[in-house]
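When you line the sequence shown up against mature numbering (1 follows the signal peptide of the UniProt record, and there is no 0), it's residues -19 to -1, 1 to 218, in that order.
Simulated from the structure, these hints should not be mistaken for lab results.
Given the structure is predicted, the values throughout are model-derived calculations rather than measurements.
We treat Cβ as the ideally placed atom computed from N, Cα and C, and that holds for glycine.
Among the hints, erroneous ones may be present.
Mimicking DSS-like on lysine-lysine, the simulated pairs with C-alpha atoms at most 30 Å apart in a straight line are [as the list claims (entries may be wrong)]:
| id | residue 1 | residue 2 |
| --- | --- | --- |
| 1 | 148 | 71 |
| 2 | 55 | 87 |
| 3 | 145 | 158 |
Ranges of calculated distance between the beta carbons of each label pair, as one might list FRET restraints [what the hints assert, rightly or not]:
| id | residue 1 | residue 2 | range |
| --- | --- | --- | --- |
| 4 | 66 | 121 | 19 to 25 Å |
| 5 | 165 | 55 | 41 to 47 Å |
| 6 | 166 | 14 | 34 to 40 Å |
| 7 | 59 | 87 | 33 to 39 Å |
| 8 | 50 | 174 | 52 to 58 Å |
| 9 | 146 | 210 | 18 to 24 Å |
| 10 | 136 | 77 | 20 to 26 Å |
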Amino acid sequence: MKTIGLITFIFTFSLLSFAQDGKSYIEGTISKDGQQIEGYIWRMGTTTGIDLSNESAPWEFQKTIRFISKEDFKSIKKVKYKYFPKVSPKDCDGYTYEGQFYEAVKYADMSAAGAGMIAKRMFMKRISVDQISIYQHFDEPDVLIDASTIQNAQKPHIVYRIGKEGKLKIVHDMNVKKELADCQFVLDKYEKGQYKLFEKKDSNLLKKLANTTVSNHDVRMQIIEDYNANCGNQEMK
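Please build the complete structure, drawing on both the sequences and the hints.
Next up, the structure:
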């Protein structure tokens, strides 16, 4: 079923990780073997221990989290970090934090040199599920030196996956003619140069991602919209 139109994408929602209630944990769930386990997740998503503390750190959501089930939570006498067990991308299928789902995936950043090109397990923020699903990936800075370093790291890479078992890739690197050869509708428009940059009448997904993508992604995002609407495995709609 097509879900793009149902997803509310607000980039800043997860970046303000600490709520006004002052609690160090938040309600959340982990998904494992088709089951949803309700519990609490230790708050994350901001920089700490540096001069630029409390800046948004979206790359933190890609790492191992600290989670305790509601049942186990009842047995602890005092809330402490050590009582929240580690849950890595190898331990579950994903987790929900502030209404957003972070899926456990295997991803290799082919645009990066060195170790980044080796596929590894991580959690990745899922934006939409369809014939071609959309995710966000953030680079973790080696050192948080200044505000510009953090600001650059806060910019997401838009990642896509074709089908349920496809490889995750950066949208910018999509080979339209090769990867979407089964969709004549898209190929015809692509070869005729009918895909343009964002306009006011553009679809919901484009508007949601407009503030977090760069112009060289625009054409492919429009192509993904068309492919999801007209081609692919109809059983997923």
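Structure-based check of each hint:
1. Restraint check for residue 148 and residue 71: satisfied, since their Cα atoms lie roughly 17 Å apart, inside the 30 Å limit.
2. For the suggested pair residue 55 and residue 87, the alpha carbons sit about 34 Å apart, so the restraint of at most 30 Å is broken.
3. Taking the CA atoms of residue 145 and residue 158, the gap is near 20 Å; set against the 30 Å cutoff, the hint holds.
4. The hinted range of 19 to 25 Å is satisfied by residue 66 and residue 121, whose Cβ atoms lie roughly 23 Å apart.
5. In this structure the supplied range 41 to 47 Å is violated for residue 165 paired with residue 55, their Cβ-Cβ distance being about 58 Å.
6. As the Cβ distance of residue 166 to residue 14 is approximately 38 Å, the hint placing it in 34 to 40 Å holds.
7. Checking the proposed 33 to 39 Å range against residue 59 and residue 87 shows it holds: the Cβ atoms sit about 37 Å from each other.
8. Distance hint check: the CB atoms of residue 50 and residue 174 are about 54 Å apart, consistent with the given range 52 to 58 Å.
9. With their beta carbons about 22 Å apart, residue 146 and residue 210 fall inside the hinted range of 18 to 24 Å.
10. The hint said 20 to 26 Å for the Cβ distance between residue 136 and residue 77, and at roughly 24 Å that hint holds.
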